[in-house]
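Colleague: Chains as they are written, first to last, in the working numbering: chain A, 1 to 321; chain B, 1 to 321; chain C, 1 to 315; chain D, 1 to 315.
A few of these clues could be false.
[To be verified] The following residues of chain B were derived to be distant from chain C, with all beta-carbon distances above 12 Å:
(1) Glu10
(2) Ala112
(3) His133
(4) Arg187
(5) Glu217
[To be verified] Residues from chain D shown here face chain C by an in silico Cβ test under 10 Å; the list is partial:
(6) Gly39
(7) Ala41
(8) Ala42
(9) His44
(10) Tyr84
(11) Phe132
(12) His277
(13) His293
It is worth saying that the hints were derived from the structure and are not from the lab. All C-beta atoms in this analysis are idealised placements derived from N, C-alpha and C, irrespective of residue type, glycine included.
Each chain is listed here by its residues.
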Amino acid sequence: MSVSPAVRLERFAAMLRARRFDETLIEHAEMVVGVFHVSIGMEATAAALALTRGSDDLVMLNHRNHGALQALGSDPEAMFREILGRDGGPQRGRGGSLHLCDPEHGVPYTSAMVAGGAALAVGMALARKRLGHQGIVFAFFGDGAMNEGAMHESLNLASLWRVPVLFVCESNTREAAERATATQAARSLHALAAVHQVAATAVDAADAGAITAAMGEAAAELRAGAGPRFLEARTPPWSGNAAFIPQLTTGRLDLSSGEDDAWVQADPILREMRAMTADGIATAELLAIDRAIDERMREAFERAAAAPLAPATHASEGVWA
Amino acid sequence: MSVSPAVRLERFAAMLRARRFDETLIEHAEMVVGVFHVSIGMEATAAALALTRGSDDLVMLNHRNHGALQALGSDPEAMFREILGRDGGPQRGRGGSLHLCDPEHGVPYTSAMVAGGAALAVGMALARKRLGHQGIVFAFFGDGAMNEGAMHESLNLASLWRVPVLFVCESNTREAAERATATQAARSLHALAAVHQVAATAVDAADAGAITAAMGEAAAELRAGAGPRFLEARTPPWSGNAAFIPQLTTGRLDLSSGEDDAWVQADPILREMRAMTADGIATAELLAIDRAIDERMREAFERAAAAPLAPATHASEGVWA
Amino acid sequence: MIATYHEARTRALERALADDPELLLLGGSLSLPFNPDDGLAARHPERILLPPISEFATAAAAVGASIAGLRTLVPVSTSSFLFYGFAPVVNEAANVRYLSGGASNAPVTFHMMCGSRRGGGAQHEHTLQAMFQNVPGLRVIAPGTPASVDGALHAALTGEDPTILIDHILLAPFDGELGEAPAAVTDPALVRDGGDAMLVSYSLMLQHCLAAAQLLAEDGLEVAVLEVATLAPLAVEELINATAGHERLVFVDESRAAGSPASHMLAQVAQARPQTHTRLVCTLDAPAPFATHLLDEILPTPARIAAATRALIAA
Amino acid sequence: MIATYHEARTRALERALADDPELLLLGGSLSLPFNPDDGLAARHPERILLPPISEFATAAAAVGASIAGLRTLVPVSTSSFLFYGFAPVVNEAANVRYLSGGASNAPVTFHMMCGSRRGGGAQHEHTLQAMFQNVPGLRVIAPGTPASVDGALHAALTGEDPTILIDHILLAPFDGELGEAPAAVTDPALVRDGGDAMLVSYSLMLQHCLAAAQLLAEDGLEVAVLEVATLAPLAVEELINATAGHERLVFVDESRAAGSPASHMLAQVAQARPQTHTRLVCTLDAPAPFATHLLDEILPTPARIAAATRALIAA
Ligand SMILES: Cc1ncc(C[n+]2csc(CCOP(=O)(O)OP(=O)(O)O)c2C)c(N)n1
Ligand SMILES: Cc1ncc(C[n+]2csc(CCOP(=O)(O)OP(=O)(O)O)c2C)c(N)n1
Ligand SMILES: [Mg+2]
Ligand SMILES: [Mg+2]
């Protein structure tokens, strides 16, 4: 099932919000204390989430959360304020990049512990089911999380309880010989979910159409009352997708790039751009969308950087009710 | 590969040591403080361990450790002394039933945490491999341990490192509809090991011949340098195989039992007895072995019960080196 | 009325289940296997979900459910099992309100049996309150009387903080006054008065302090006993005021001394009021031995508490 | 010679790898990613095994290996990751010698970065020493100088106890005297003398105490600084003797006060010597905020330590 042209432009804009937010941040990395993680290469998955999420759905992210939040529509200025420790940051300067969340867009809390958020997601889905509330729960985590026993326990619980969780494993690592990854003896990551009788498939997450369709189908099954689902979202590994990004070259995307290096071929945004133009959408229209978004990110960053620091009282308020 | 008549009698004696030890304890349950767990129904697995273990091999057991230790040849009086808090208990009255161990028979320490010992076993096997020492490591644990993420992490580690661990899952639970157990969504317990590329099979652990052959083969492969192996030892669930045994009726085995109830049919000892007599071994010979072992257990218990309490100094000595 | 601790605990849980028709128990009974059955599993099977032996996922699911509006109570049973599920409690639940900037919170309760059940051995008789008190955001309550367990359960199951309810298997038979309405947790609470010294404690050791006070009374010594049920956040001012009348204070704790709630309480009082003569009576520095005659070598007993108090008064 | 803490740490580990050709590192570097590379991974790749992100199985494997004769050092990096592998450390390693009746032991070392690295936030800046000190059988060492990290690594990697090495990312650049031979851990150790008061601390806070002593010296106040590197088992007698000359003691700790090593030390001294005037300077009761200007609101700083000391002297 492919999407309408309007929705496709929406998806493209969501991907660009994710990318331009991170690039803007990388360009000012020296202003950020501590580490941050960017979502470059994961924009198609983020955009698919934005198209699939219903207003009653919850989303658990992880340390690499910028892209999904931008795709979902979180305010970039508020996020920059949080990352810069400025007043008006949604976490009051307590969380920074690692813990960005946005309840209005379905993200009530973000854990930076590997597998931490996915394990919480099972309980959120249990709540939805027992309270008879609408909505499913998306659990985003990386391939590394599959190393954690916590993921196995959580997959087993979700399967036993048949709660509406869509596990989305953003795998940005290369496969090793005979096994899923260098640290996973299993042949594939989705096999590790399937053994718990959680329906699991792998999808090319650099293909916006494929990941949108796969996530949409899985979500529809969950809404129809099926048990949990697992998507192995195979994401092109971008050299910068490591922690400690401050040392990183920007990798700023040039939409008009004619180059032909591996990354340009793999980049989900450029792939979708090529596909859209091949499908007859005018390049100028796409460049205009990009310029507007890029402009918005730069302005958001400037306003955030000019804002006062978060008030000192935020440090120790409200630890206990 | 079936065993010689002499070895078969040895195996039968090992099974009886395991059974008679527990029955003797159950008959004096009121003298035991705290809980204990008996190995009734698991004697064939225990005896297979005794026949398979080489002098350089290590064994990690769990809370249900009596049977394996008796089969391996541990001194019943010493074990009773430990369980009764008497002087001369190998753990100095600190461990009791839950933590019985016996380094001389390859059991350096016993954890009572579910999956605790199996996780340690992987490191012991890593030590064997890196130090170039002979010997493999047996990790005994129950079906419930497969609920723990720790088991998945340990199976993955053992598989990645190709260390010589033989995982023996003593499954004494009934299968649930469509799944391995009431608490495991997977179709089988050995599938949970196989997904980590650990060669895994299930075997009827009430069939002394079958479990001896399966364990022997797996151990031989490990000694030949193969990666880890996993045996799902399907054990007949005996009603008494729960904690809090003190409330339990003894279930003392009557070797000459002609009855035909389900347990008599399932009992690994009676099964082997029937098979041996069918193979022409004289019942009288088997009864004589049993009488001697039963006698030995009763005497061991009496001597232990008559011994003085462990000295008070054992309480807080040697906590730090 | 007079009720046992076990009766008060059962009544409080029954009341909570009635008051909050959504409250979920993720795990079996609060009392079994080592206390009399509270009958809740039989009366409210639909309120109970029995998880696999997966402490991490179970704890995390409870925290997640509470974030999503389903208040959950996790009967951990033996506290040390939660070492397998430590991260969701100390590094997720405790941080939800703080890290979400106040947008979310996790009103989840973990109930666990701490201290020695006698015969459980080194891996089953921990006092996790010592560790949990150090985690900002966790409310840690360790009641020692029927009235305080009533208040503790009410506070935990109606409050907004992730709460650790420190219980003790050996408290079940102790009886005391119990009002009709849910009691409020008042910290600290004077349980017995006396002018020669004051004993400060919580959970089972509070009962041992009362027994020690009896022993001392037989020698003509009148000692007060103060209960501090809420270990975190500790009501420091109130503790300092409640102990103000006494020059001799004995802090009693089943935890090992290093990092114990008692040594923290002692430190707070000593800092505020030098010249106070204090004693710490804790479990000696060893794991819990299985044999009970060895266990009694390391645990604080009424006799040991009384002896320390006599020595302090004599000093 | 004069060396930085980072140099001393690297030298001590190099020495240990040379002295014990079997010693295995189960995990990457002791210093990366937040400190300069110690180059060990490059120089001794065969001594390092990089595990998956499986803290439980990794910790358990290290404990098991040490029981089976392979001494193992686990570089945990950020201490809170070990909450996922807590059970094998606190409920296995700590009990091996005790529960085996002395037949076995687990000479394993867990090295971790505790306290605030600044910008790590609430889930990455814990002080696990507060919890580990409460576990009998674990040796907990938290060095604060080049000489003491040298001694701490030597003690951990040649000793017979499961050892927790509490390190701090911000200690790397501090320098001090370093002898040729491996230093012995001497607890406590007087690092600076002075008669107006004594500051007692460990790890990074020891350096903050020395900085505070400088600030106070500028006001003409001479304060002593005492390092207590071994937090468990705490050398109680020695601590009481080493502080005996002082009526004014300030205990400084990056842990939250409840359950902190500092409050335990204060309690031990107060119990032994009432009349001592004491202050506790700890991190305030909040998780670590991400923004560093907020972090400085809750952490003990040299200025805050100096202010508390002035107030104590003035009182
Ligand atoms: C329990 C835990 N262990 C270790 C870490 C440190 N850590 C942060 S990100 C990361 C890598 C995670 O890899 P993956 O899940 O694939 O996510 P990616 O960064 O590749 O998107 C690690 C090990 C952590 N945050 N939590
Ligand atoms: C980590 C942990 N959680 C819970 C327990 C409590 N417990 C003791 S035995 C047991 C059942 C274990 O079942 P299984 O592994 O199948 O062993 P079995 O008793 O059936 O032989 C449980 C849950 C424990 N000892 N450790
Ligand atoms: Mg990854
Ligand atoms: Mg079982």
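Colleague: What are the numbers of the hints that this structure violates, sorted from low to high?
Modeller: 2, 6, 7, 8, 9 and 13
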